[in-house]
Structures are given as C-alpha cells and as structure tokens.
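Now for the letters of each chain:
Protein chains: 2
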Amino acid sequence: MNPRLQKLRKLISEEKLDGVLISSLTNITYVSDFSGFTTEDRDAYLLITKKKQYIFTHPIYKEVAEKDFKDFILVEMKRSNPFSQAVKHIVEKENINKLGFEAFDLTVNDFEKLTKETNKKTFVPVDLLSKLRIIKDSKEIQKIKAACELGDKTFTFIYKKLKTGITEKELAVEIEYFIKRNGADISFDPIVAFGPNASQPHHIPDHTKLKKNNFVLFDFGTKLNNYCSDMTRTVFFGKATKEQSELYHAVLHAQQASVDYLKIELKNKRIVQASTIDQVGRDYLTSLGVSPFNHSSHGIGLNVHESPRLYPSSNDTMTNGMVFSIEPGTYEPGKYGIRIEDIFAIENEKLLQLTKAPSNFIEIKSTS
Amino acid sequence: MNPRLQKLRKLISEEKLDGVLISSLTNITYVSDFSGFTTEDRDAYLLITKKKQYIFTHPIYKEVAEKDFKDFILVEMKRSNPFSQAVKHIVEKENINKLGFEAFDLTVNDFEKLTKETNKKTFVPVDLLSKLRIIKDSKEIQKIKAACELGDKTFTFIYKKLKTGITEKELAVEIEYFIKRNGADISFDPIVAFGPNASQPHHIPDHTKLKKNNFVLFDFGTKLNNYCSDMTRTVFFGKATKEQSELYHAVLHAQQASVDYLKIELKNKRIVQASTIDQVGRDYLTSLGVSPFNHSSHGIGLNVHESPRLYPSSNDTMTNGMVFSIEPGTYEPGKYGIRIEDIFAIENEKLLQLTKAPSNFIEIKSTS
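As you go down the protein sequences, you meet chains Y and F in turn. According to this note's numbering, the first sequence is numbered sequentially starting from 1. According to this note's numbering, the second sequence is numbered sequentially starting from 1.
Fair warning: there could be bad hints in the mix.
Unchecked claim - Using 25 Å as the maximum straight-line C-alpha spacing, the simulated DSS-like pairs for lysine-lysine come out as follows: (1) Y:K153 x F:K121; (2) F:K98 x Y:K180; (3) Y:K113 x F:K163; (4) F:K50 x F:K163; (5) F:K67 x Y:K116; (6) Y:K180 x F:K88; (7) Y:K67 x F:K116; (8) F:K88 x F:K50; (9) Y:K335 x F:K67; (10) F:K163 x Y:K120; (11) Y:K169 x F:K88; (12) Y:K120 x F:K180; (13) F:K98 x Y:K113; (14) Y:K121 x F:K113; (15) F:K98 x Y:K131; (16) F:K335 x Y:K67; (17) F:K88 x Y:K98; (18) F:K163 x Y:K180.
If you're looking for bench data, these hints aren't it; they were derived computationally from the structure.
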C-alpha cells in the first residue's frame, strides 16, 4: 500500500473527515508520482475515503489510469456519468458526511458543478497534503538535490555568455534552452536583470542591452523528475568599485548569518521559528546601514514555492525533512539589485546546502 | 476613452449589473494591453463600474499601474487595506447592488476572501469579456496573423531536423527554442509525436526515437504581442505506402471540405452554426470509410482556446471578426495519428487563412 495514502488517511481521521477530494495537480503527483495531466482542463480528480481510493478521469486517460493508478478504482467522467453524479454516488454508497476539498485550487465554477448533486455542507475546505509535503523523505531530498545540481551547471554555463550588448531576454532564452536540452524543465520563467532593472525583485527579462560596470542578477530554477530547484546569483560585469564589492559582500554575509544561526540552533536542538531565519539576515544588513529586503525565503519541492513558509507572519517551525531557500538581497531603485539564493535541507538535525555553485564575488572582464 | 471599456459598460448595463470585477489575466490584458502580471499570485484585479474604473494591485506594481493603467484609479492592496475591505468601500460608495465576478477564474478561497466584508448576494457569476473577445478587430487579426507567420517559419525549420534516432523531446525543445529566439513565446507546450504515439491527440513528447517509415505529427503555437497561433502538420519520414498517402489526403480533403462549406455559406450570407464546420469534415472521412476525429476545432486569440466554440454542443454562430482553427484528424491506436490544423479568420464575409505553411504531403528521405 502506498505509504503516502496511509499518512493521508491518518490526517483524514484526525480532522474527523470521511474522505478528501484532491484536485491540485501537484497533490495528484504527490500521491501517485504521475505528472502527465494538463493544466488546460480538469483532467483528473482523486477521491480518498477511509477504505478506498478513486480516480475520476476522462476516457482518453483510461490507459494511463490503469497503468499509473493501479491501486485506484477508475471512474470515467462522461456525459452519461458527469463528475457531480459520480461523486454523489460514492458519497451515498460510502455514507460520507464530511468530505475535504481543495478550496485553494477549485474555482467557484468547478465547485458549483461538483456540488450540484450533493449537499454543499458535506464539503469542507482543507489543505491536508501540504502538511505531508512540508516534510520530505530522503528520496525527495535526493531529487531536489539533482535539480539543484543542474541549476549549478546552468549558472556556470550562463555567466560565461555575458558580453557587451547581449540582452536579458537572450540570456533568459539560453538558460531555458540549456535546462531543457539537459532533459529537465524550468520551475519558473528565468529572471535575468541588468543593473537598475534588478531593483524589481520580479523583473521580466526585456531587450535591455548589457553595459559594462553593472551587476547582473540571474534567478532561475530547474524541474527534474517533478522536483524543483531555485537559485539566484548576482555577478558583476566589469570592474566593481569598492562600494559595489562591499554591497555584494554584505548580502553574502547576511546569508551566512542566517545559515550560521540556523546551524547553531539545530545543533543545540532548539526550536527555530521559520520566520526568524530571514530576520537574522535583515538585521545583519540593517546593522551595516544597508537597506534590507522585504521579500521572503520559501520552502520548495513539487512546487517552487511551498511549505514551510518563511515570511514574517509564518507559524511554521523548522524540522528534519524541510527543504527551503535562504535568499537575502538589497535593492536600490534606479541603481541595482543584489540577491543570493541557495537551497538547503535539514536532515538529522544538520543543515545541508543543495545548491553548490560558488557565491564568491565574480567580476567578469567586459568584452564585446 | 478606452473603446473596450465602453463596450464592456454596454454589456454591464444590458446584464443589469452595477459593475464587474475582472480577475482573469487574459481579460486584464484585453482591457489594458498589459500582460506583466504573474500567474503565481493574484497580482491585480480590475473593477469596472458604470462611471469609474479601478485597479487593485500590490505596492510593488505601483509604477506599472501608473504607467499602463492611466485611466484607472489605483487602489493599493496592503495589510492595512486588504482587498475585501477595498471592494467593500467601493461597493458602498458607488451603491453597487449587483457586481459581476469571474467564477470560472476565482478559486473558492479567493472568493471567500473577496466576499468577507460584503454580502455574497451582491456577487453574480459572469463571463462578459468572452462576449467581446469572440469578435476580433482588424488589429487583433493582424497580431494573430503575425503569430501564425512565425509558426509557419517554425514548421519549415523543424521538419528539416528530422533524422533517424532523434527523439520527440529533442524536437520539442528545438521548436520552443526557435520560437523564443525569434522574440515570441509558446502558446502551449509543443507536441511532437512519432508513429503510434500520435494516436493520442495530446501525446507528451518523450524519448521515443524516430524510425523510418512513420508519420510525424507536430502541433505547436507561438504567442507574439500577447496573441496566439496554433498549427498542426503531419509529415512522413521515409517512403509512404499507397494506403498511408491516401489516409493523409483523406484528412487534407476533409479540411478542404470544411473550408469550402464555410466559404460557400458565407458567400451566400447564410447563418453558419459553429458546430457544423467540423461535422462536414467528419462526414467526409466517414464517407471514405476513414474513422473520424472526436476532438474539436476552436477559437483563438489571447488564449489558444477561446470563443467561438466549435464543438458539437456549441450554440455559437460564425460571424465577421471570428478567428478559429479547422483541424480534422484520424487516429488508429497502436498505429498512427494524422492531423492538419490551420487558423482562419472571417473578415467582410470572407474566409482568410492565417497559417500559410504548405500542407501538401511531405515525405522526408530517411537519413541517419
């Protein structure tokens, strides 16, 4: 029996539910390892009850369901057996009074269709799977590590392409092509930002041409065997001034401060609030008179942003099996943006760094 | 004043609403021409009332909003002014009793947040903008045409890459790279399917290696200046048998039958039901004893699939300004899939073909 289903059933009991309906694509992948459904349409739903598990899908996925969802009872969604009717049938047959559903994923229209035949009060909004996904097993950590290794290679490949006149967009396209030629996917649209463009943390690469004596920020991720990587590196194209070098090192040391803090707390087996990790970095920057970042680090796994949440209002605490970014930065509108992001995992109370690309200050001699 | 807002206000009146809340990203683009918000988060909403228009967005988009949403009143979403509160304020101030919202786009959670401060009965599910977007103006048709032209170039580029041993995935990556190097985006993940793999209309490119004497199906689209293209070509790698050539020509002539039918009906100014266009092609294939397709052609614009709907249960009728695919096919599980897809527009009661790549039967000499 699938161990993730066992854990999920334990949660279903704890939450006093009779079952849960899973609609989110990454949650379907988490439970089944299958990632072939499209985002275009609602290709499939899983319904997990205390004793049984069902997959609802369209007839064109029948073969797939029989092969990749062996333990599941297949229910074909057809005009003669619409989804709402099929759910009603199971709700009645299995005497379900409380059925969890993913309100963060289903649209209002989807929900109306789903509940057409069944009392709406049966449906309870839940996010059960994030409670499991927040803790990765060693196989998952290995997969994220492999994705990070490809990220490292991508960084080495791309920063060597810097030359006067090349555009952000050209570099972003090359990052994506490199990742895909290596058999992976991107985990999000790569960010490449020159000089002042980087002061927007989510800058969209445009036709800005590279000029010498500017910072260049790369933020990208790979997706390999369904698991994501994410990394940011900021290099300098040209010869940095003392002040520019100091700014870079301030960010680098802010990251180190967060890392050291976390390591020490783990070593001393103290409880670490997720929200404190970035705060250590922010405080470090502030102490130097450097303006701190207002974005947050984040957990990573099947999604590039997932639990644990590291933002200031988060209630998560850090434990074994968590995988997450630490990504301090500093931004000056009209001038620059500097960010350094690495991925870390906690295993056996130890902090492991999964991204390995060097983060020493790289100055690239400007040539055209 | 933005003419699309004027048309939208006319619809708001006709539907006896006091305003509409727009959340879907392509609808925001349609109203504003701005396409820089991410899908990751709810970056922005538009609220259009009878007299005023508002943009709700996060403080990091303030500059963007001031530049690209000049006619709009900017409302910053902050912790001190959450979205639900801001909407409530406008609902009360403008005395709004019925506010349309996009139930096909908002998640149940989004909707709960939105309606926290306002009576839920104020909110009415609508899809007003699809009623405008179904009719393209000549500038929109020009943009789709430009996207189709890049699609044509992509086809010429990619079919020449066919060689023994190359994989579907390698070709799919090359299609994407070509489109992006040409300054566009893809409108969906390219499909490349060899021989029997093509019998699944939505096959995901895998590591299957190309062998001689097989059909090769390419289905891909570009996105240029926000507008999509879409095309399918099926070529033969090797030397086709008489039967294989006949199958290809059956599909080609089925497409021609649909095109001819539509041209004649338009010329005679008769009302054409959207659902009949594919049916002409299906009937043609059936008359030859070739098994017809069960997928459907579709409208195209800011989304690769949008109105008009051409499936059998559609109630749309064809009129000037519509842009859509005609894409018959035939599939034999375990053996092959053949599909030919082109994009057409109706302007001044005339049918224009926007994709121009040749669809004559191409046989490619197999070399390794």
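So, against the hints stated earlier in the document, which numbers end up violated here?
1, 2, 3, 4, 5, 6, 7, 10, 11, 12, 15 and 17
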